[in-house]
Structures are given as C-alpha cells and as structure tokens.
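2 protein chains.
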Amino acid sequence: MPKKVDHEARRLEISEALWRIASTRGLDGVSLRDVAAEADISLGRLQHYFRTKDEMLLFALRHINVLADRRIRERVSAVAADLGGEPPPRRVLRECLAGMLPLDEKSRVGALVGAAYFARAVHDDRLSAEAQEGIPKLAEFFAGLLREAMERGEVVAGRDADDEAMRLISLVDGLTAYTLLGVQGAERALGLLDGYLEGLFVG
Amino acid sequence: MPKKVDHEARRLEISEALWRIASTRGLDGVSLRDVAAEADISLGRLQHYFRTKDEMLLFALRHINVLADRRIRERVSAVAADLGGEPPPRRVLRECLAGMLPLDEKSRVGALVGAAYFARAVHDDRLSAEAQEGIPKLAEFFAGLLREAMERGEVVAGRDADDEAMRLISLVDGLTAYTLLGVQGAERALGLLDGYLEGLFVG
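Quick note, the sequences are listed as chains A and B, same order.
According to the numbering used here, the first sequence is numbered sequentially starting from 1.
According to the numbering used here, the second sequence is numbered sequentially starting from 204.
It is worth saying that the hints were derived from the structure and are not from the lab.
Don't be surprised by glycine CBs; every beta carbon is placed ideally from N, CA and C.
There's no promise every hint is true.
[Said to hold, decoys possible] Quick partial rundown of chain B residues pointing at chain A, CB under 7 Å, derived from the structure:
#, residue
1, A271
2, Q335
3, M369
4, L378
Using the sequences and the hints given, assemble the complete structure.
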C-alpha cells in the first residue's frame with residue numbers, strides 16, 4: 001500500500017476505535033491511551049497519527065460527516081432512481097434532513113460522536129471553527145433548495161429561505177438530541193420533522 | 204444555620220464551583236478533585252456532599268433548571284405588570300422559549316452545564332431519566348398554552364398542540380447549540396425563534 005494511503009487507513013482504524021467508545025460509554029474523560037487500547041495498538045503508535053484527543057475527535061467527526069454526506073447522497077439517488085429523474089427540491093431537502101436524524105445504527109453513532117464533539121467544541125475555538133464553517137455551508141445548500149421550491153410556488157408565503165434553512169438545521173439538531181436522550185423514539189422525531197415540512201410547503 | 208439548610212447551602216457552593224468550570228473549560232475529564240480545588244475544600248469534604256461526578260452534575264443541572272424557571276417566571280410577571288393583567292398564551296410561550304436561549308451570562312452558563320449533561324446523559328440511564336421526565340412535562344405545559352391559543356383562534360389551522368410543543372423545544376435546543384458553538388449570535392437565535400412563532404400564530 002502506498003505510504004499516504006496507509007497513513008489514512010490507520011487513521012480511519014483509530015477513528016473506528018474512537019467511534020466504538022463514543023457509541024458505548026461516551027468520550028468524557030477518555031484518553032489517547034484508552035483509544036490506543038481499543039484500537040489494539042501502542043500509545044506511541046497512536047500518537048504517530050494523532051497528537052491530541054481534539055485532533056483525533058476532529059478527524060473522526062469529519063470522517064463521520066463524509067459518511068453521512070455519502071449516505072444522504074445515496075438516499076437522494078435512490079429517490080431519483082425511483083422517480084426516474086431529478087427529485088423535486090422539497091424531496092431532496094426532506095431526504096437530507098431525515099438523513100441527519102439518528103434513524104439507524106450508523107447515523108446514531110454519528111450523532112453520538114457529534115454529542116461528544118459538541119460538549120468540547122463549546123469551549124474550544126479550534127473545534128468550534130468546524131461548525132462555524134460547515135453549518136453555514138449546509139444552511140446555504142438548504143436555502144438554495146428552498147429558493148428553488150419558492151420559484152416553483154411550493155413554499156408557503158412570507159418565508160425567508162436563509163432563516164428557514166437555519167431553523168430546519170436547528171430543529172433536526174434538537175430532535176436528534178432528544179432522540180439520543182430517549183425522550184422520544186427516532187420515528188417520532190421523523191414524524192415531527194415531516195409535520196414541520198408539511199406546514200412549510202404548499203400542497 | 205439549621206443542619207439541613209447548611210447541607211443544601213454547601214451543595215450549592217460546590218455546584219457554583221462546578222458551573223465556573225463548566226462555563227470556562229467544560230466538564231470533559233473534570234474530576235471530583237478538580238471541583239473540590241475550585242470550591243477550595245478538600246476532596247473528602249466534597250465527597251460528603253456528592254459521591255460521584257454524575258450526582259454532582261445532576262444536582263447542578265436541577266438547580267440551574269430551578270434558576271431558569273424562576274428567571275422565566277420573572278419575565279412573564281414583568282410582562283403581566285406591563286400589560287396590567289395576565290399576558291395572552293402566545294406571549295407567555297414566547298417569554299418561556301426566549302428564556303431558554305443563551306441570551307445573557309446566566310442563561311449561557313446554564314446552557315453550558317446543559318451541554319456537559321447532554322454529552323454524558325446519552326450514555327447514562329440515570330442521567331437521561333432527568334430529561335425523560337422533565338421534557339414531556341415542559342412539552343405538556345407548552346401544549347396547554349398552545350391549546351389555549353387555539354381556542355382563542357390565534358394559531359394557524361392544522362397544527363397539533365403536542366407536536367408543536369415538542370418541535371418548539373427541539374428548535375430552541377438546536378438554536379442554543381449553534382449559539383454556544385458561535386455559528387450564530389444570540390440575537391439571531393432569538394430572531395429565528397420569533398420568526399417561527401410568527402408563522403405559527405395568526406395576526
């Protein structure tokens with residue numbers, strides 16, 4: 001294996017060890033040594049790939065976001081295949097938002113890593129920079145879909161695309177949190193999202 | 204001071220030390236020893252009041268919720284005094300929801316303790332039981348206000364009070380998270396909440 005690929009593959013293996021810990025007992029108080037043990041490598045070897053816990057958490061979070069992105073694209077492609085063409089913007093938006101909810105094991109692990117990230121990032125400028133960059137990009141993408149739907153006359157009057165995009169992201173974030181806490185089931189969270197979209201779109 | 208009051212006062216002092224840590228560097232990896240040092244007492248003395256980190260976190264969270272509750276009641280009373288009578292349900296709901304956002308230093312500290320609680324509670328049944336009990340009660344209170352507003356013909360048609368209550372709580376939770384992460388300012392979060400309420404109520 002070329003050296004660069006190998007390096008990346010090792011980082012992914014370590015990330016997976018981190019995810020396993022994140023999805024079972026959480027990352028509070030977890031050290032590099034704990035992750036090395038879970039990955040069955042030495043601490044020294046782990047530190048060759050990640051110098052700090054935050055560096056490791058950021059890599060794991062980014063990779064989980066890449067996987068989530070891929071999963072959501074697949075959802076949208078499946079809908080496109082079903083419909084035999086490009087799905088309408090409302091449908092694309094719905095699949096993206098539903099894909100952000102912890103509806104299955106993979107998205108649940110992603111959300112749990114997200115929860116660990118969140119608790120640390122509120123105190124760490126380098127970690128929070130990730131959200132400060134990524135969330136506005138996501139909001140812009142959703143606002144674009146909403147504007148497209150507006151041009152087609154599919155959105156109720158008086159809504160602002162940028163505001164609505166940020167509200168949708170916030171709503172899904174809150175629904176995810178209360179699903180992880182066991183306040184509601186994942187299906188109920190999806191129902192609450194769909195109900196909101198029904199009020200946002202006409203017809 | 205009577206013994207019981209004294210015990211409670213000591214627990215509050217320790218909670219305040221925990222809040223100071225929560226609001227500056229977060230609680231990830233923080234030990235009972237760290238909190239004892241911040242409270243300027245011995246570890247043994249701290250353990251007289253709290254045996255575990257989770258016990259301490261739960262007490263601190265509950266007390267922060269009591270303070271938030273009091274702050275929100277004061278907001279509602281101030282509005283009532285202004286209006287010279289009971290505010291309409293829409294206004295009560297708005298003050299409650301706005302009071303949950305990190306708009307000032309006190310509510311911000313509350314939200315940061317909430318973030319630390321969240322990251323641990325997703326892996327801990329005893330901690331998550333708090334949300335599983337408290338959130339439905341809060342949702343029921345909001346649903347009651349919404350039903351009252353519905354009877355007055357103030358809510359747009361076709362909304363379900365229970366669904367809407369849970370969506371509002373989730374929205375505020377997500378808006379709080381992105382404010383803590385610095386994705387948006389607190390005023391923007393409040394504007395997004397108010398915009399949502401404008402779409403929910405008529406007139």
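Hints and how they fare:
1. A271: violated (17 Å)
2. Q335: holds (6 Å)
3. M369: holds (6 Å)
4. L378: This hint holds: L378 of chain B lies near chain A, its Cβ roughly 5 Å from the closest one there, short of 7 Å.
Hint 1 alone, counting from the list given before, is not met by this structure.
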